[in-house]
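In case you want the letters, here they are:
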Amino acid sequence: MAKGWLKIRPHWFFLSPGVLLISFFYFIPVVLVFVIAFTNMDQAFNWRFVGLANFSRLFTLRDPLIPRIIKNTIVYIVGALPLTIIGALLISLLTMRVNRTASLFFRAVFFLPRLIPPVVWGFLWMWSFEGTRYGVFNSILGSFGLPIIHWFIKFPMLIVIFANGFLGISLAMLIFTSAIASIPRDYLWAAEIDGASFWQTSRFVIIPLLRWPIMTMTAWHLMSFINSYVYIFLITGGGPYHATEVWALYGYNTAFKNYQYGYGSSIMVVLVVINVLLLITLLRSFGMKKMIERSRIEA
Amino acid sequence: MKVILKDLSKHFGNVKAVNNLNLEINDGEFIALLGPSGCGKTTTLLTVAGLYKPTRGYIYFNDRIVNEVSPKDRKIGMVFQSYALYPHMTVFDNITFPLKLKKTPREDRKRKALDVARLVHIEGLLNRKPAQLSGGQQQRVALCRALIKEPEILLLDEPLSNLDAKLRAAMRSELKRLQKDLSITTIFVTHDQVEAMTMADRVAVMNEGVLQQFSNPDELYNYPKSLFVAGFIGSPSINLIDVSLARSNGKFFLKGKGVQIELPREISSRVESNSLSPQLVFGIRPEHITVNQKKEGIKAEVYVVEPLGRENLVTIKTSDISLKVLTSPTLKIGPEEKVWIDFNLDKIMLFDKETGRSLLLR
Ligand SMILES: Nc1ncnc2c1ncn2[C@@H]1O[C@H](COP(=O)(O)OP(=O)(O)OP(=O)(O)O)[C@@H](O)[C@H]1O
Ligand SMILES: [Mg+2]
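If you read the sequences in order, they're chains A and B. Residue numbering for the first sequence follows the numbering used here, beginning at 1 and increasing consecutively. Residue numbering for the second sequence follows the numbering used here, beginning at 1 and increasing consecutively.
Excised from the complex, chain B in its bound form (with noise of 0.2 Å):
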């Protein structure tokens, strides 16, 4: 099923938790919904479940407008984040409670509970309580429980922030498994953008109600839109730098405390026709910056090295900035160690300081 949002927004009083959002979800894609915390992904999946009215605009599925269809005829499932199983009833009842409502048979239930159950893996648990069971068991039971119904669209609340490490990672690869071999349009709210990048066909990152980009994981780390999304997806997370464009015979120079960095002439032009201030923000990776002892580049200094294993970060100080890099482990460096800074210009990203917007993209 499709799945279109066209001009949505939801108001509660004041506070516009979900503000014009216009999103096209195709059949049998898993998209996240990223963003911090209180910034509408769950207002915006409970719209589209239908347990809320929309203040304004519709909601497609197929071409279908749903928006007076009730929750219950939208064939959904639905995961919560806080799993609402009913404490009364066995993993079994919970599971099948979609059908006992429909009246369908008990023979028939029992074959259906049986086989999502066997889905996840929880065919032992189903006689048991679910205060019988630990965080990942009951988060299945939820999944099957939305499953059961054979919905269209599925919807699911952060269904794994509750596990812990370990088993989020383990679930991660199992759920978006799943999702592709019942190729269900799955809309996954998060706030953990690993999970949404390594999961999702696409992101969708919100903030403050407000769309800022919907595309997929590799051109949200690598095109971002805008300051918000840049800051927002990669950890460690994107250098900024306030900086200022200037020019001097014919050559374009960033301007920021400290540093002075020549613009490439493509990326230069395309900076002339977007700007319109001349303060800008200089954004690039930690990944993206070299480390050198061989007085190549700008001259700084190291701060802290944290060793991640495959990599270090290094916080390196120049003047009155820091900047995160990565380095190799290879690369012997300690604290107060002078060395020399290099950046990769392919890599780099601008953006208006005013409206935040990306001045590299068309």
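Looking at chain A on its own, in the form it has when it is part of the complex (with noise of 0.2 Å):
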């Protein structure tokens, strides 16, 4: 009877719903993928199981590609971490010494990125740097008679970081400012008493108070910048000629454009062993057990 059965398990009844979603959306596609990878899947869902072929594949460099994107992976994460949480951090900071108002306005400037749905931010940036003369940094630029420039074929590296870096920053300063509010006034004050500047007060005061938040964004942007590919895919494709494609865009290029399910899925796979591995080693170095157990600042 359904209300014997509620009465002993009712949890289960409840949870049921989350559980089937999770486990339809989330569990099932990872397993597909496995599966996938060991497989030659191709555009007409034909398949057999190859074995370790597509890893071979990959990690003999069979793929002349390969060390390619592997670089694009490195530079993109490298410019963009630091980017996001140097960036935060010095908004943050800035926000601090202007009145309420100002510092209210620019982080809400600086938040935009995230309230803007992502097709509309990507076509912003596609826009502004167009390489004819109709994208709106080349029109100033015509505006003052120069010639146009092909940004994305000079610098469609540096364009995906920025796109990629602010976003990162309107998070990240977020967490930094509220963080930063957090700080005892009587910290700062002696601070000032004592004959800190304002960049001494910054540098072995406050940042250092903000160790758990930083490291957090940190982690959460390296993640972030890993896996996400969605602003790369809708401002350059990867493109110019593969000059931005990382792993992760790679793995979606490989599946849905190329149709080599296959061979996408054992690129997939390797990314989520890094993601795996790279999530152990966090929790590991920076004990992100008490990192979710302590307060945000350290005060």
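By construction, these hints were calculated from the structure, which means they are not laboratory data. Fair warning: this is a prediction, and the values are worked out from it, not measured in the lab. Take these hints with a grain of salt, some might be off.
A short, non-exhaustive set of chain B residues, derived as facing chain A with CB atoms under 7 Å [said to hold, decoys possible]: (1) LEU51; (2) THR55; (3) VAL69; (4) PRO71; (5) PHE80; (6) SER82; (7) ALA84; (8) PHE97; (9) LEU101; (10) LYS103; (11) GLY356.
Okay, the calculated beta carbon distance ranges per label pair [what the hints assert, rightly or not]: (12) SER178(A) x ARG106(B): 50 to 58 Å; (13) ARG100(A) x TYR60(B): 39 to 47 Å; (14) TRP220(A) x ARG128(B): 47 to 55 Å.
All C-beta atoms, glycine included, are put in the ideal place defined by N, C-alpha and C.
Work from the hints to combine the two standalone chains into their complex.
Encoded structure:
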């Protein structure tokens, strides 16, 4: 009887929609990717198991693009991660110095990227750096009588880094400003009396107190930059000529543009494995457990 | 360094945190800012430190107006109520932080840190983090950080209030001694009157942003200028009774509910010249009332007896008023016993009920 069953295990009843959704959209796809990675599934969904063939293609560099993709991924992360953290720190610190209204204004401006739909954000960057004279920056150059620049050919990676960096900044800045706001006023006053300049206070007092938020945001954005390719996909699609193609995007393109589902899946499996390893490393080195237990700032 | 506050006001919107404060603090003097919570003590201190800009008025260090001088150039050392020790730095780094900012060589920093640490006996704790220290130790570290700059003015915001009673008493004498040895002009904020009275050379009593009285502890206790000061200072607190002034046959009497006191000639003449209205408040401290069983004075009844060890605090009721009296433990009395009380008329205080001003002071 339903009533009796409910009485015994009501939590399963209430959990079931969530459990079903999660297994359908998270668990099953992961398992599927792992299975498909060992096949040669193609456009027509014909497949048979090929053992480790896909992986040996990856690791023995029989795919000539792989070194390039790896290099792109590293450059992208090494560029976007510091930009995000340092940029967000700078903005949060500087908004301390201006009055309340101005600070609110600047924070709102830098938070805008989060509120803009991804497609619009991507389109804005595309349009701004459009290589013809109709692009925003080129038309500015043009109005000064300067020659146009083929932005996407000259600086494709930089554009992609900044487009993603600003998104990273918007979140990290929000976290940092609220953490700064919760630093007891006495610390800042004590530093002021002791003769610390604004930068000295930032360096010796504020930033050390933000250790946990900074670590959290670093870990968060590291994972996010490794895995998300949406904006690169929207802005350059990985081009021109693979110049901005990072690992995750390469997996996507292989599977859904070149319809090599099997090979694409194996690329994604590598990504999943990297993610797991990274997560374990982060948990260990940052003491993620401590991070979750502790208050946001050490006060 | 001499510190003078002239017509100093600090307002936050409508809140007059400090209102028209005038103080003159001598070089090397130890003064306490005393008052109930929210009376503007911290605000005064922060304004002297330069962390707040005065709304009006001037701050002089010696003969120089320092209103526009930034906190770091005021040569002040400050201990915050929270101590504000940086949690991520060791005790050594905390203490030497002011020197590090001035790019003092590490050797000098070490030497000076040891010197000040020895002053307050924390030289063994230099490698610890603040979280590994007790409240009393943290307080000393904060003091060291303030002293290492060799400040000319020391500002202390309730530095003892986070300590337990025993440690507080110990630190009281230690701090007082240290201040005398170093003879640094010191402003000490507290809401604890015992602390203020025992430590400071002079005490500035504040209420609602306004200075009530600035004098030495003895004067504050025996000659309070206002009803507020009389009521605030002293523990157990003073007895205050509403009375009216009456005159008959050339003699002055204080008449309250069930009490009638004849005033000595000396006092009555002064009251007569000072008082504007006949509504007065009569004040007498518990130790200036004597209790006897010999039927001398006003008849009363014992309500409670609270033994304090050295003496007993007795609450006595006569008609509608209750009075606190300090008696010797040798006087054996118990609740509901009939006793007679007498006032030491040399020690009475009289205040104008409306203005709260003392009528006995010129
Ligand atoms: N930054 C501020 N903004 C607005 N009002 C303030 C501010 N700082 C203090 N006040 C107000 O000014 C008055 C005096 O505050 P202050 O902190 O000086 O009191 P205090 O005497 O130090 O009290 P306590 O013993 O509780 O520390 C209070 O009414 C307080 O609410
Ligand atoms: Mg205070």
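> Among all the numbered hints in the text so far, which are the ones the structure does not match?
Replying inline: 2, 3, 10, 11, 12, 13, 14
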